[in-house]
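There are 2 protein chains.
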Amino acid sequence: MKENIVKVGIVQQACSSDREVSIATSIEAIKACKQQGAELVILQELHTSPYFCQTENTEVFDLAKPIPGEDTELFSKVAKENNVVLVTSLFERRAAGLYHNTAVVFEKDGSTAGKYRKMHIPDDPAYYEKFYFTPGDLGFEPIQTSVGKLGVLVCWDQWYPEAARLMALKGADILIYPTAIGWDAAEPKEEQLRQNEAWKLVQRGHAVANGLPLVSVNRTGFEADPSGVTKGIPFWGDSFICGPQGEILLQAPQDVAFTGVAQVSLSRSEEVRRIWPFLRDRRIEAYHGLTKRYLE
Amino acid sequence: MKENIVKVGIVQQACSSDREVSIATSIEAIKACKQQGAELVILQELHTSPYFCQTENTEVFDLAKPIPGEDTELFSKVAKENNVVLVTSLFERRAAGLYHNTAVVFEKDGSTAGKYRKMHIPDDPAYYEKFYFTPGDLGFEPIQTSVGKLGVLVCWDQWYPEAARLMALKGADILIYPTAIGWDAAEPKEEQLRQNEAWKLVQRGHAVANGLPLVSVNRTGFEADPSGVTKGIPFWGDSFICGPQGEILLQAPQDVAFTGVAQVSLSRSEEVRRIWPFLRDRRIEAYHGLTKRYLE
Numbered sequence: 003m004k005e006n007i008v009k010v011g012i013v014q015q016a017c018s019s020d021r022e023v024s025i026a027t028s029i030e031a032i033k034a035c036k037q038q039g040a041e042l043v044i045l046q047e048l049h050t051s052p053y054f055c056q057t058e059n060t061e062v063f064d065l066a067k068p069i070p071g072e073d074t075e076l077f078s079k080v081a082k083e084n085n086v087v088l089v090t091s092l093f094e095r096r097a098a099g100l101y102h103n104t105a106v107v108f109e110k111d112g113s114t115a116g117k118y119r120k121m122h123i124p125d126d127p128a129y130y131e132k133f134y135f136t137p138g139d140l141g142f143e144p145i146q147t148s149v150g151k152l153g154v155l156v157c158w159d160q161w162y163p164e165a166a167r168l169m170a171l172k173g174a175d176i177l178i179y180p181t182a183i184g185w186d187a188a189e190p191k192e193e194q195l196r197q198n199e200a201w202k203l204v205q206r207g208h209a210v211a212n213g214l215p216l217v218s219v220n221r222t223g224f225e226a227d228p229s230g231v232t233k234g235i236p237f238w239g240d241s242f243i244c245g246p247q248g249e250i251l252l253q254a255p256q257d258v259a260f261t262g263v264a265q266v267s268l269s270r271s272e273e274v275r276r277i278w279p280f281l282r283d284r285r286i287e288a289y290h291g292l293t294k295r296y297l298e
Numbered sequence: 003m004k005e006n007i008v009k010v011g012i013v014q015q016a017c018s019s020d021r022e023v024s025i026a027t028s029i030e031a032i033k034a035c036k037q038q039g040a041e042l043v044i045l046q047e048l049h050t051s052p053y054f055c056q057t058e059n060t061e062v063f064d065l066a067k068p069i070p071g072e073d074t075e076l077f078s079k080v081a082k083e084n085n086v087v088l089v090t091s092l093f094e095r096r097a098a099g100l101y102h103n104t105a106v107v108f109e110k111d112g113s114t115a116g117k118y119r120k121m122h123i124p125d126d127p128a129y130y131e132k133f134y135f136t137p138g139d140l141g142f143e144p145i146q147t148s149v150g151k152l153g154v155l156v157c158w159d160q161w162y163p164e165a166a167r168l169m170a171l172k173g174a175d176i177l178i179y180p181t182a183i184g185w186d187a188a189e190p191k192e193e194q195l196r197q198n199e200a201w202k203l204v205q206r207g208h209a210v211a212n213g214l215p216l217v218s219v220n221r222t223g224f225e226a227d228p229s230g231v232t233k234g235i236p237f238w239g240d241s242f243i244c245g246p247q248g249e250i251l252l253q254a255p256q257d258v259a260f261t262g263v264a265q266v267s268l269s270r271s272e273e274v275r276r277i278w279p280f281l282r283d284r285r286i287e288a289y290h291g292l293t294k295r296y297l298e
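Chains as they are written, first to last, in this note's numbering: chain A, 3 to 298; chain B, 3 to 298.
It cannot be assumed that every hint is accurate.
Copies of the same chain look alike in the list, so a pair counts if it fits in one copy or across any two.
20 Å max Cα-Cα, derived SDA-like pairs, lysine to any residue [to be verified]:
1) 233 x 30
2) 191 x 276
3) 33 x 196
4) 4 x 267
5) 191 x 69
These are computed hints drawn from the structure, not numbers from a lab.
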């Protein structure tokens with residue numbers, strides 16, 4: 003079996019309310035990844051701005067851009083200049099009153115490999131995403147690139163085994179989650195620890211259940227609540243890459259920006275799935291309840 | 003919100019080829035759990051015998067018993083004597099040439115609360131279960147008991163997010179996995195560590211994804227391969243109970259028998275699911291692919 007290693011770079015950053023600064027920070031980090039040999043670079047969720055969903059404010063929709071448009075032109079150029087496959091996470095203006103949280107993947111030559119519109123949309127205090135984002139309508143389709151078939155999902159999707167499984171069943175070689183998650187500063191420390199650990203566990207669990215490597219890229223830094231209602235969000239960083247047994251290959255810190263590259267074997271999945279052939283034994287005739295809201 | 007705590011006991015044991023010894027060991031441990039206040043006690047997979055699936059041998063079918071039958075009469079009595087809800091894992095003879103790996107749950111009064119026939123059946127070198135067990139035909143149905151609705155699954159099921167989710171959608175209060183898993187003694191140490199960690203990760207991930215506590219009870223001790231083909235299985239113990247954020251509540255050691263009791267809050271799930279309401283946002287209209295073998 004021929005080994006297939008991809009060098010994967012991740013960019014965990016703190017975002018500025020100055021768009022130009024946030025973008026410049028991403029570009030510098032992409033270059034740093036390239037210098038470390040990265041062929042695939044993954045940015046965090048909504049990396050061109052602070053996480054604007056802490057309040058519901060109609061003026062925020064000004065940040066959204068059409069796809070293709072200003073943002074995709076810019077990152078297409080960055081992908082081409084660095085000769086990397088680039089996973090971005092953008093605020094898409096599709097029409098007046100119709101916006102999505104959309105990951106766009108660029109090929110090494112700057113062409114668009116594909117896009118994914120976030121399917122699962124959260125809505126919790128300080129994460130008012132249902133106000134901003136229409137749930138995705140492109141389904142769970144991996145994006146074919148020159149480095150492999152990328153199962154790109156976004157943030158809240160990371161809690162859903164269904165999303166990871168569907169990407170695996172469609173032949174994804176790797177699961178990828180740009181994300182933006184942090185603590186409620188008002189929560190006690192032990193609850194904060196449980197939440198952070200739960201976030202890692204569920205994603206590493208998807209890697210295991212599907213025999214796939216997984217990349218999760220989260221933002222870091224504190225962002226105040228513009229409405230002053232909450233104490234703001236300390237984003238918890240902790241971006242990581244794990245292999246198909248959930249084993250950690252690269253671990254970012256929590257409190258500071260981080261750029262790093264790991265060697266990820268896409269052929270290791272073949273070995274792992276031969277030992278633990280979960281796909282062989284799925285009881286698909288007994289799974290119809292999964293398409294129901296609840297079964298009581 | 004009224005707190006609902008259940009004291010859950012687990013019995014991790016090494017099994018003897020002398021059936022009477024294996025059963026006596028279980029009974030002693032159930033009594034010890036009761037003395038520590040347990041209302042619910044969970045035994046490991048196929049606790050009345052060594053793990054007989056290391057070889058394919060037709061004489062092994064002699065171990066199977068009808069349900070109801072000798073085994074259920076015995077454990078019904080044990081449940082009643084100890085006034086506990088008891089989760090057992092039995093080799094069921096349903097008809098000549100038709101056998102199942104079946105968990106039977108007894109009420110505190112010794113009545114049968116319900117049974118679950120293992121749905122996902124593995125088959126790997128030293129785990130020749132497809133020879134012995136017909137895949138279950140009772141679906142994923144939690145079992146109602148006086149201590150809650152038990153989402154009882156068995157061993158190989160533990161790798162399947164679908165099984166855990168279906169139990170959750172049917173109102174399970176807790177996920178329960180009697181299991182029998184160990185290392186291939188021929189594997190290098192680092193692979194052994196990855197496998198053991200993957201096993202914990204995927205189950206704790208199910209707890210998180212479904213906001214449910216989870217109990218996994220594994221056997222311990224070395225069992226030789228009767229055929230002499232492999233080096234036998236050192237079962238890795240490591241039974242555990244975790245809460246709905248995957249947080250460890252009770253952790254057994256790997257190499258020795260263990261009996262222990264933990265306080266498990268069934269009402270904590272209500273709190274956790276209010277913070278992280280994953281069930282609210284499932285994209286059920288986009289999940290039909292989950293009922294397919296593969297999507298390429």
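Any hints this thing doesn't respect? Which numbers, in order?
Result: hints 1, 3, 5 break, sorted rising.
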